[in-house]
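Chains as they are written, first to last, in the numbering used here: chain G, 33 to 341; chain V, 33 to 341.
Derived from the structure by calculation, the hints contain no laboratory data.
Take the hints with a grain of salt, since some may be wrong.
Simulated pairs of lysine-lysine, BS3-like, Cα-Cα distance not exceeding 27 angstroms [unchecked claim]: (1) G/Lys-303 to G/Lys-254; (2) V/Lys-222 to G/Lys-228; (3) G/Lys-222 to V/Lys-222; (4) G/Lys-303 to G/Lys-330; (5) G/Lys-194 to V/Lys-301; (6) G/Lys-219 to V/Lys-228; (7) V/Lys-38 to G/Lys-194; (8) G/Lys-281 to G/Lys-301; (9) V/Lys-194 to G/Lys-254; (10) G/Lys-301 to G/Lys-254; (11) G/Lys-34 to G/Lys-118; (12) G/Lys-80 to G/Lys-105; (13) G/Lys-222 to V/Lys-219; (14) V/Lys-254 to V/Lys-194; (15) V/Lys-121 to V/Lys-315; (16) V/Lys-34 to V/Lys-80; (17) V/Lys-80 to G/Lys-228; (18) V/Lys-74 to G/Lys-228; (19) G/Lys-222 to V/Lys-118; (20) G/Lys-222 to G/Lys-281; (21) G/Lys-219 to V/Lys-222; (22) V/Lys-194 to V/Lys-146; (23) G/Lys-254 to V/Lys-228; (24) V/Lys-194 to G/Lys-228; (25) V/Lys-194 to G/Lys-301; (26) V/Lys-38 to V/Lys-80; (27) G/Lys-194 to V/Lys-194; (28) V/Lys-315 to G/Lys-228; (29) G/Lys-194 to V/Lys-228; (30) V/Lys-146 to V/Lys-118.
From the structure, some residues in chain G lie toward chain V, with a derived Cβ separation under 7 angstroms [claimed, not checked]: (31) Pro-189; (32) Ile-193; (33) Gln-224; (34) Ile-227; (35) Ile-231; (36) Trp-234; (37) Val-237; (38) Ala-239.
Because the structure is a prediction, the values reported are computed rather than measured.
Beta carbons are placed, not taken as given, at the ideal position from N, Cα and C, and that holds for glycine.
So you can see what is in the structure, the chains are spelled out below.
Protein chains: 2
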Amino acid sequence: MKNEIKIFAPATIANLACGFDVLGLALDSVGDEMVIRKCDAKGIFITKIIGSDLPLETENNVAGVSALALLEKLNIDFGFEIEIYKNIKPGSGIGSSAASSAGAVWGINELLGKPFSALELTQFAMEGERLASGNAHADNVAPALFGGVTLVRSYTPLDVIKLPCPNELYATVIHPQIELKTADSRKILKTQISIKDGITHWGNVGAFVAGLYTNNYDLIGKSLVDVVAEPQRADLIPLYYEIKEGVLKEGVLGVGISGSGPSIFALSKGKEMAEKAAEEMQKIYEKLDIDFDIHISKVNEQGIRQINN
Amino acid sequence: MKNEIKIFAPATIANLACGFDVLGLALDSVGDEMVIRKCDAKGIFITKIIGSDLPLETENNVAGVSALALLEKLNIDFGFEIEIYKNIKPGSGIGSSAASSAGAVWGINELLGKPFSALELTQFAMEGERLASGNAHADNVAPALFGGVTLVRSYTPLDVIKLPCPNELYATVIHPQIELKTADSRKILKTQISIKDGITHWGNVGAFVAGLYTNNYDLIGKSLVDVVAEPQRADLIPLYYEIKEGVLKEGVLGVGISGSGPSIFALSKGKEMAEKAAEEMQKIYEKLDIDFDIHISKVNEQGIRQINN
Numbered sequence: 033m034k035n036e037i038k039i040f041a042p043a044t045i046a047n048l049a050c051g052f053d054v055l056g057l058a059l060d061s062v063g064d065e066m067v068i069r070k071c072d073a074k075g076i077f078i079t080k081i082i083g084s085d086l087p088l089e090t091e092n093n094v095a096g097v098s099a100l101a102l103l104e105k106l107n108i109d110f111g112f113e114i115e116i117y118k119n120i121k122p123g124s125g126i127g128s129s130a131a132s133s134a135g136a137v138w139g140i141n142e143l144l145g146k147p148f149s150a151l152e153l154t155q156f157a158m159e160g161e162r163l164a165s166g167n168a169h170a171d172n173v174a175p176a177l178f179g180g181v182t183l184v185r186s187y188t189p190l191d192v193i194k195l196p197c198p199n200e201l202y203a204t205v206i207h208p209q210i211e212l213k214t215a216d217s218r219k220i221l222k223t224q225i226s227i228k229d230g231i232t233h234w235g236n237v238g239a240f241v242a243g244l245y246t247n248n249y250d251l252i253g254k255s256l257v258d259v260v261a262e263p264q265r266a267d268l269i270p271l272y273y274e275i276k277e278g279v280l281k282e283g284v285l286g287v288g289i290s291g292s293g294p295s296i297f298a299l300s301k302g303k304e305m306a307e308k309a310a311e312e313m314q315k316i317y318e319k320l321d322i323d324f325d326i327h328i329s330k331v332n333e334q335g336i337r338q339i340n341n
Numbered sequence: 033m034k035n036e037i038k039i040f041a042p043a044t045i046a047n048l049a050c051g052f053d054v055l056g057l058a059l060d061s062v063g064d065e066m067v068i069r070k071c072d073a074k075g076i077f078i079t080k081i082i083g084s085d086l087p088l089e090t091e092n093n094v095a096g097v098s099a100l101a102l103l104e105k106l107n108i109d110f111g112f113e114i115e116i117y118k119n120i121k122p123g124s125g126i127g128s129s130a131a132s133s134a135g136a137v138w139g140i141n142e143l144l145g146k147p148f149s150a151l152e153l154t155q156f157a158m159e160g161e162r163l164a165s166g167n168a169h170a171d172n173v174a175p176a177l178f179g180g181v182t183l184v185r186s187y188t189p190l191d192v193i194k195l196p197c198p199n200e201l202y203a204t205v206i207h208p209q210i211e212l213k214t215a216d217s218r219k220i221l222k223t224q225i226s227i228k229d230g231i232t233h234w235g236n237v238g239a240f241v242a243g244l245y246t247n248n249y250d251l252i253g254k255s256l257v258d259v260v261a262e263p264q265r266a267d268l269i270p271l272y273y274e275i276k277e278g279v280l281k282e283g284v285l286g287v288g289i290s291g292s293g294p295s296i297f298a299l300s301k302g303k304e305m306a307e308k309a310a311e312e313m314q315k316i317y318e319k320l321d322i323d324f325d326i327h328i329s330k331v332n333e334q335g336i337r338q339i340n341n
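Start from the sequences, fold in the hints, and give me the full structure.
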C-alpha cells in the first residue's frame with residue numbers, strides 16, 4: 033500500500049442553469065490540492081490547511097466528516113492525515129466544500145486500493161456538503177468524482193449518470209469576492225414553483241442532455257435557461273444581468289449562476305470565445321469596487337487526479 | 033401535383049411519466065387513417081368521419097382548424113377535402129385529436145410538395161390541440177409528425193428535438209373505455225408544485241434522454257417516475273396502481289398514465305415482455321365491468337406515413 037498521495041480536486045459548477053440540484057460540471061484550471069497520508073493512529077486528522085481559515089477539527093471540517101463516513105464502512109486499525117491547500121475560496125459558488133470533501137475520500141480510496149466506486153465515494157462526500165450547507169447535495173461532489181458533466185437522477189437511491197461532453201466546451205467563471213453562504217442562498221428560494229416553470233426546466237434539462245450526446249453546441253446553449261433560481265438569486269450578485277447580456281452578445285452559448293452564487297459562469301464553444309467572455313466580464317466588473325477572480329477552463333473529463341509532489 | 037393521399041396517423045403516448053407536457057412517443061400498431069384530396073373549392077372540407085361521432089364543420093373539427101392554420105400561410109386558389117377513419121377513440125389519452133390534427137397537415141403538406149418542415153407542421157397541428165383541450169400543447173402532435181420519441185424543449189419559440197430510440201423498445205397500452213376529457217384531467221392538476229418534485233422530474237427527464245442515447249433500458253425504466261400528475265390523476269383511472277404493480281412485477285421497464293389518461297402505458301424491452309404486460313393488464317381489468325382495449329406496439333420511428341388505397 034502506498035502511504036501518501038497528492039491530488040488535485042477541481043472546482044465545479046453546479047446547477048448549470050436548467051439543472052437545479054441535478055447537473056454539475058468539473059473544471060480543469062482551478063481546484064484545491066491535498067495531501068493524504070496514512071498514519072498509525074486510527075481516525076482522520078486534518079493536519080494543515082493553507083489558503084483559507086477553515087476548522088481543523090475533523091468533525092467540523094468537510095473533508096474530515098466525509099473521510100469519517102468512508103472509514104465507518106471499513107474495519108481498519110490505522111488512519112489518515114489530510115493536508116489541504118485551498119485555491120477555491122469558500123463561499124464562491126464553485127464547489128469549494130465539495131472539492132475538499134470529494135478530494136479527501138478519493139485520495140483515501142486510492143491509498144486503500146480503490147475498494148469503493150465513484151458512486152460510493154459520492155455518498156461519503158455528500159456528508160461534507162451536509163456539514164457545509166445543511167443539505168447533503170451531490171451536484172458538486174459528483175462531477176468532482178466522476179469528472180466531466182454529471183446528472184444526479186435520484187437521491188433515494190443515489191443515482192449519478194456521467195454524461196458525455198463535447199471536446200471544445202469551455203467555461204468562463206467570474207467570482208466576485210462577496211461571500212454568499214449556500215445555506216443563505218438556498219433560503220431565499222421559494223419551496224413551491226409553478227408547474228409551468230417546472231416544465232421549462234425539465235424540457236431544457238432533456239434538451240441539454242441531448243445536446244451533450246450529439247455535440248450540438250447550439251442546443252446546449254439554448255438549454256441554459258433558469259426560471260427557478262436565477263430570478264431570485266440574481267439580485268444577490270452585483271451586475272449579474274449586465275454580465276449575462278454582455279457575454280451573450282460576445283457569442284457565448286449560455287450563462288448562469290454557478291451553484292448558489294455569487295460566481296457567474298458562461299459556457300463557450302472553444303477557448304477563444306471563453307477568453308473573450310473573460311475580457312468582457314472583467315470590463316464590466318472593473319466598474320465596481322469589488323475584488324474578483326476570473327477562471328477560464330476546459331471541462332475536466334477526469335475529475336480529481338493524482339499530481340506529483 | 034398528386035391529387036389524393038391516404039395516410040396512417042399514429043396514436044401517441046404523451047408525458048411518458050417524467051416528461052409532463054414535453055415528452056411523447058409514436059405508436060405503430062394503432063392509429064387513424066385519413067384520405068386527403070385536393071378540390072377546386074377554396075378551403076377545408078371534412079367530407080366524411082367514420083368510427084366516431086365528431087363534428088364535420090371545419091371550424092369545430094381538430095383536423096379542420098389545423099388544416100386552416102396551414103392554409104393561412106399559403107396563397108392558393110384551391111382547397112382540400114378530408115376523410116377521417118377513426119380507430120383511436122376520442123378521450124382515450126393516446127392522442128386521438130393529435131392524430132387527426134397532425135394527419136391533416138402532414139397529408140396536405142405531402143400533396144403540396146412539402147413546403148413546410150415538421151416543426152412548422154407541429155405548429156399548425158397545435159391549433160387542433162387548442163380546439164380539443166383549450167391548450168395548444170405539442171407533446172402528442174410532435175411524435176406523430178417527427179416519429180419516435182420527441183421532446184418539446186420550448187414553446188416560445190417552438191423547439192422540438194427528435195430523440196433516438198432503442199430498437200427493442202415496445203409499448204403496451206390499456207385503454208379503459210371511460211371517457212376522460214383532457215381539459216377535465218388538466219383541471220385537477222395543481223398549478224404549483226414543490227421544487228423538490230420539480231427536481232425529481234428534471235433529474236429523471238435528463239436520465240431518460242441519456243438512457244435513449246445509450247440504449248440503456250434499465251435507465252429508461254428507472255426514469256419513468258411521475259410525482260406531478262400521477263398522484264392526482266391515478267384516482268380517475270380504475271385499478272391504476274394494481275395495473276402498475278402487476279406489470280412491474282412481470283418485468284416491464286416502467287409504467288405511467290398515457291397523456292391525461294385514462295389509458296395506462298408500460299414500456300418494455302422486447303415484444304415478449306410487452307405481450308406479457310398485455311396479458312397481465314387484461315387479467316386485472318377483467319375483474320371490472322368496464323370495456324377496454326389493449327395495444328401492443330413497437331415505437332414508430334417514422335410517424336405519420338402514406339399507405340396504399
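How the hints compare with the structure:
1. G/Lys-303 to G/Lys-254: The hint holds at about 19 angstroms.
2. V/Lys-222 to G/Lys-228: Status holds; Cα separation ~11 angstroms.
3. G/Lys-222 to V/Lys-222: holds, 16 angstroms
4. G/Lys-303 to G/Lys-330: holds, 8 angstroms
5. G/Lys-194 to V/Lys-301: holds, 23 angstroms
6. G/Lys-219 to V/Lys-228: Given pair G/Lys-219, V/Lys-228 holds - Cα atoms ~14 angstroms apart, limit 27 angstroms.
7. V/Lys-38 to G/Lys-194: Between V/Lys-38 and G/Lys-194 the Cα gap is close to 45 angstroms, so the pair fails against 27 angstroms, i.e. violated.
8. G/Lys-281 to G/Lys-301: holds, 14 angstroms
9. V/Lys-194 to G/Lys-254: holds, 16 angstroms
10. G/Lys-301 to G/Lys-254: holds, 13 angstroms
11. G/Lys-34 to G/Lys-118: Given that 27 angstroms is the threshold and the Cα spacing comes to 24 angstroms, the pair holds.
12. G/Lys-80 to G/Lys-105: holds, 25 angstroms
13. G/Lys-222 to V/Lys-219: holds, 24 angstroms
14. V/Lys-254 to V/Lys-194: holds, 21 angstroms
15. V/Lys-121 to V/Lys-315: It holds: about 22 angstroms lies between the C-alpha atoms, which stays within 27 angstroms.
16. V/Lys-34 to V/Lys-80: holds, 20 angstroms
17. V/Lys-80 to G/Lys-228: violated, 38 angstroms
18. V/Lys-74 to G/Lys-228: violated, 39 angstroms
19. G/Lys-222 to V/Lys-118: The given pair, whose Cα atoms are some 46 angstroms apart, is violated under the 27 angstroms limit.
20. G/Lys-222 to G/Lys-281: Roughly 30 angstroms between the alpha carbons, so the hint for G/Lys-222 and G/Lys-281 is violated.
21. G/Lys-219 to V/Lys-222: With Cα atoms ~24 angstroms apart, G/Lys-219 and V/Lys-222 stay inside 27 angstroms; holds.
22. V/Lys-194 to V/Lys-146: The given pair, whose Cα atoms are some 19 angstroms apart, holds under the 27 angstroms limit.
23. G/Lys-254 to V/Lys-228: holds, 24 angstroms
24. V/Lys-194 to G/Lys-228: Holds, at roughly 22 angstroms.
25. V/Lys-194 to G/Lys-301: holds, 23 angstroms
26. V/Lys-38 to V/Lys-80: Holds, at about 14 angstroms.
27. G/Lys-194 to V/Lys-194: holds, 22 angstroms
28. V/Lys-315 to G/Lys-228: It is violated: about 38 angstroms lies between the C-alpha atoms, which goes past 27 angstroms.
29. G/Lys-194 to V/Lys-228: Holds. G/Lys-194 to V/Lys-228 sits at ~22 angstroms (cutoff 27 angstroms).
30. V/Lys-146 to V/Lys-118: holds, 25 angstroms
31. Pro-189: violated, 10 angstroms
32. Ile-193: holds, 5 angstroms
33. Gln-224: holds, 5 angstroms
34. Ile-227: With a minimum Cβ separation of about 5 angstroms from chain V (threshold 7 angstroms), the hint on G/Ile-227 holds.
35. Ile-231: holds, 5 angstroms
36. Trp-234: With a minimum Cβ separation of about 4 angstroms from chain V (threshold 7 angstroms), the hint on G/Trp-234 holds.
37. Val-237: holds, 4 angstroms
38. Ala-239: With a closest approach of 4 angstroms, the G/Ala-239 hint holds.
Of the numbered hints given earlier, the model fails hints 7, 17, 18, 19, 20, 28 and 31; all others are met.
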